[in-house]
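Protein chains in written order, with our numbering: chain E, 1 to 614; chain S, 1001 to 1339; chain F, 2001 to 2114; chain Y, 3001 to 3206.
It is worth saying that the hints were derived from the structure and are not from the lab.
All C-beta atoms in this analysis are idealised placements derived from N, C-alpha and C, irrespective of residue type, glycine included.
It is possible that some hints are incorrect.
Examples of chain Y residues lying across from chain F (beta carbon under 7 Å, computed) [to be verified]:
#, residue
1, F3071
2, V3085
3, M3202
4, K3204
Residues from chain Y that face chain F, not an exhaustive set, calculated with beta carbons under 7 Å [to be verified]:
#, residue
5, L3028
6, F3045
7, G3046
8, L3049
9, L3056
10, L3069
11, L3072
12, L3076
13, L3089
14, L3183
15, V3190
16, V3205
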Amino acid sequence: MATHESHKKRSGLMDWLTTVDHKKIGILYLLAGGFFFLIGGLEAVLMRIQLMEPDSKIFTGELYNQLLTMHGTTMIFLAAMPIIFGFMNAIVPLQLGARDVAFPYVNAVGFWLFFFGGVLLNLSWFLGGAPEAGWTAYAPLSTVAEDTGVDFYVLGLQIAGAGTLAGGINFLVTIINMRAPGMTFMRMPLFTWASFVTSGLILFAFPALTVGFFLLMFERVFDANFFNPDMGGNILIWEHIFWIFGHPEVYILILPAFGIISEVISTFSNKRLFGYSAMVFATVLIGFLGFMVWVHHMFTVGLGPVANSIFAVATMAIAIPTGVKIFNWIFTMWGGQIRFSTAMLFAVGFVPTFVMGGVTGVMLSVPAADYQYHDSYFVVAHFHYVIVGGLILGLFSGLYYWYPRMFNRVLNETLGKWNFWLFFIGFHLTFFPQHWLGLMGMPRRVYTYMSGQDLDGANFVSTIGAILMGAGTIVLLINIIISASSKYATTKDPWDGRTLEWAMPVPTPEYNFAQTPLVRGLDALYVEKTAGNGDMTPAEPVGEIHMPNGSILPFILSLGMFISGFGFIYSNWYVAGAGLGLVLITMFLRSIIDDHGYHIHKEEVEADIKGGRA
Amino acid sequence: MKKWLQKGRFLSLFAMLALLLMGCGDPTLSTLIPQGEVADKQFQLMLISISIMILVLVVVFVLYAFVLLKFRKKKGDNSTPKQVEGNHMLELLWTVIPILLLIILAVPTVMRTFEFSADAKPASKNELSIKVTGHQYWWEFEYPKEELITSQELVLPADTKVHVELSSADVIHSFWIPSLAGKTDTNPGDKNKNYMWFDTGSKTDVVYKGKCAELCGASHALMDFKVRVVSKEDYKNWVAGYKAADDKSSANADGQQVFEKNCLSCHAVGQNGGNTGPSLTGFGDKDRVAGILEHDKENLKKWIKDPQEVKPGNNMPKVNLSDEEIDAVSDYLLGLKLK
Amino acid sequence: MANHTQNPETTVHRHEEIQRKLALKEERKHHNVSFVMMILLTIVAFFAIWSDKISDSFAVLFILTLAVVQVFFQLYVWMHLSHKGHDFPIWGMASGILVAAITVASLMGLIWTS
Amino acid sequence: MNAGERLTDANFPAHPEKATLEGKNKFLGFWLFLGGETVLFATLFGTYLGLRNMHLDGPSGAELFSLPLVFLATMLLLTSSLTSVYAVLSLKQNKVRSLQGWFLVTLLLGLGFLGLEIYEFIHYVHEGHTFTSSAFGSAFYTLVGFHGAHVLFGILWITTLLARNWNRGITLSNAPKYYLFALYWHFVDVVWVFIFTVVYLMGKVG
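So here's chain E without its partners, still in its complex pose (with noise of 0.2 Å):
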């Protein structure tokens, strides 16, 4: 058997640059994504200091519009889908069982290009402006824009729009493909049944982005005449595209903290999670219901009666999915010994939250209702209820969940209360009060208000509660900060874990399991817990493993969209060529060089195994 040991050890930087191992690429998902997480975050308090007060002139006009729309860009494509595909990364190979995912490369490929989509369009602040039309870059308010602060926009996120996609495909295959033996559909954990359901969404929602953003910037490079009524454009067709995808990307963001919060309330709990069944079909079905419901985000376009009261009804039935979801976190409780870890706190944290977004979601699912609250603060108070009060709660509560699997140790507890509770009661006083903003006639996307129209209060009250926020966010960093300078200090299961990923030594082998094991239920480690074995039964004898080589080509091949999204933003042909030829050649390399991988041998596992390394 000759094999092609063509491998060659990196460290360092180049280690970073080359990496395919999933676990690394999760690492750097969670290290940028966490990045631009700090960068929206900071541009939201801006936006709030400038309206703690009514008439305040600190952040006006223009610049305003600029803040809130790379909060929200920035928040959606560059934070929060960032870190769910770190987690998707470091945790669903190791769930399934798998050695790694199923195309290391393209998931490299992934990672840069999203990393490079994102510099490009938070470059724009220091080359003439960010983009100011909202994060749904409504036409024709993003065509007529004169800068370049949308040709950012359209070019950066349709880079990292393309990485999403690679990222989806490759978790769909993943799981459909390498589920180790036993590991049958009905006994993945939530999370990873979570991450194949958003997978699919991201598949079939972003082509639909894809082609919004080569309307949109074909319009504004080169004069195309989609949304220009004067040429017969219509300017309903972005709506419909943005909205196509739009909507699915809310679920595209929200299912993997479903799946993270079933993970955590269940090992938290020491319980099985409470109708494991009707969750995983709860979760499909909102994914499905997911594409049928858009036009809820555009009641007050004028499309009719009959639209608006089909798409009306369909998005009061995710509702019930969703409620379904609620009961059965509460009756996993339920009997269960709860133990509030600050990861438990915060999934806590997260049902109630939900609930409230939840419920002012139904609310705006009226139409005729929904023309008061279409546009005003309580629709930001709204996605923010089920975005932050969802979404980012279960990353927080993920991230202290597994961050000593990722980074082998465990994060401090203490620290971890006070960021909980600074966040979530920060969390509460910026948003509740925006729902009656709302009602009270405050329209979304404003600089400024007057005074005297009783705005004042609430408005002040929110802006205090941001940087409530602020503070736990940076106690979360100041944890982060004093772990990474400490020793490597966990066991391999610290929470008492009842899924794979918590059967492997720590720190985890880069081939994952030394032995593929066999998977006899689900929460396939508290199977074999109880029936006192403490660890995994292997399906396969040791063997020779194959690993796949790192390559630099991935981050070169990003280099080059980067590139000719400068040639593209600024109309210089030669360099958008020079960029799309070196994306060419990278692709072209990569075809005719024969990479197949190199083996660890039996030997070297073997002496893993003895030596508790694997």
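With chain E held as given, fit chains S, F and Y onto it using these hints.
Just chains S, F and Y now, with coordinates in the frame of chain E:
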């Protein structure tokens, strides 16, 4: 009150909620203090949905609090909880009950959605019809039957059903008078014209606040307008006065000259002038300078001197005028009154 | 991998080989038939418009149906969706087609209802 | 055995494209990608259908389109789809020369199609139907151009694939690649079926 509200236990809850909510906000701006039929019905819908949702919240929160208190791990208790797979009865329960609640909500939802659009066609004879055009960042109001065009201030008779045709001269805006009716977008292009209707309510001599609700550029926040509801009598007089008004209605001859030389190409007064900027007929009677500033000479001068300072990104050019000219033209404009 | 290759001389293997050859021959026949069908469908579609004999609204419906039939041939015969082991590809395509259908419907339909 | 090794008739698996985990992954991943591409083209079709009558003063589709040309292009592409499926049959029989031959024919037919399309576009521009002349123009060139770009990419793909593997037999590593290309090419043909139906034929009836 509405028929389908009169029955049931919800009534008392409703009354309480309504009282609680109606204390909120500026009575000329808040959706919670509805002044016309449409806003009132929309407020009813809010109340129905909030009531159902509060019911849900209470059930979930009570259950949740109980679970969190009861099942926390006690020190020294290391027993393993029973691993429950699920319970079909319970799961059925929390699937069916929400469905029922949603059906209760869906019926008035669909009904009202059709009601608010059914009448949105151009008005019959005894009802008022207006055309609204959004501009960056001001509003143009045309009264087709009365054959007059105003800007920024919509004068309407009380107790009247108003039909609105909405369009935009540039980007998407959204026309919103929270106390009278929910918003509808103004879309550019003839294909996507919108129609809505609202009722002006019974109060007279009130000024309701109107807002642009769709991000439309740098001064989106400042794109306010006013809706002045007057008695039917006063409305007739206003129409007559407006139609009779001309550019001679102000006594300041110097200012008039400056105005005719520098402003008339964009702004109309009476029958004269262009229409790229807001009409200034009867400017002296208006409520705000540029839709936002207090209506006095100081502010008017400030606005003419540097429009970008007041409303960033707006289309009014900075006209090269001396301080004296600005002073004169301000006096002239403030002197423009309706007869 | 490829375990059945370890003893190539057995009669079992030979039998399999013959069966596979037959199957491939059958497949080639299917491909040829569907090619002829697709050419015919295309000609009919072009002719329906060319001839100008059929009313417009019916012609549109007719040629759209022909297109769907033709695509069915492509997917199931040439792209082998009918073969074993294509469950997930079918799911993927079906979901894609569903989303595609509502997308097309909304972009060409809903826009004009206002 | 090693995935890069030439397969013999003796060890040839029934489905060389799916015989390894990598092949299985590629196979499934590519199919899912095609599912996503379906949505991508649907969005383009929807945009086109929404704007196809917005030709303003320029020529309409009915005045513009020349059906004989489109018919010829369709025949080229349909035939190329057949030749690529012949190539897949050769793949399954481990006949590498025949595979190369059929893919070469596919490649040539694809080039022919692309040539016709370029000729057509140049012709239209002369008629006053340009990318910027109206919403119809923008939507038309975007939809048909996206398809054309797919054809072009396919041509580059198969060229690279053939060149790289010219002197190699069929291996477990290149079999999935050939197979995926064939899938891609069929899909491009599927899209074309809708383009000639929806754009050209429906364009003729207005």
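Hint check:
no.: 1; hint: F3071; in the structure: 5 Å, holds
no.: 2; hint: V3085; in the structure: 5 Å, holds
no.: 3; hint: M3202; in the structure: 6 Å, holds
no.: 4; hint: K3204; in the structure: 5 Å, holds
no.: 5; hint: L3028; in the structure: 6 Å, holds
no.: 6; hint: F3045; in the structure: 6 Å, holds
no.: 7; hint: G3046; in the structure: 3 Å, holds
no.: 8; hint: L3049; in the structure: 4 Å, holds
no.: 9; hint: L3056; in the structure: 18 Å, violated
no.: 10; hint: L3069; in the structure: 12 Å, violated
no.: 11; hint: L3072; in the structure: 11 Å, violated
no.: 12; hint: L3076; in the structure: 12 Å, violated
no.: 13; hint: L3089; in the structure: 6 Å, holds
no.: 14; hint: L3183; in the structure: 6 Å, holds
no.: 15; hint: V3190; in the structure: 5 Å, holds
no.: 16; hint: V3205; in the structure: 4 Å, holds
Violation of the numbered hints given earlier is confined to hints 9, 10, 11, 12; the remaining hints are satisfied by the structure.
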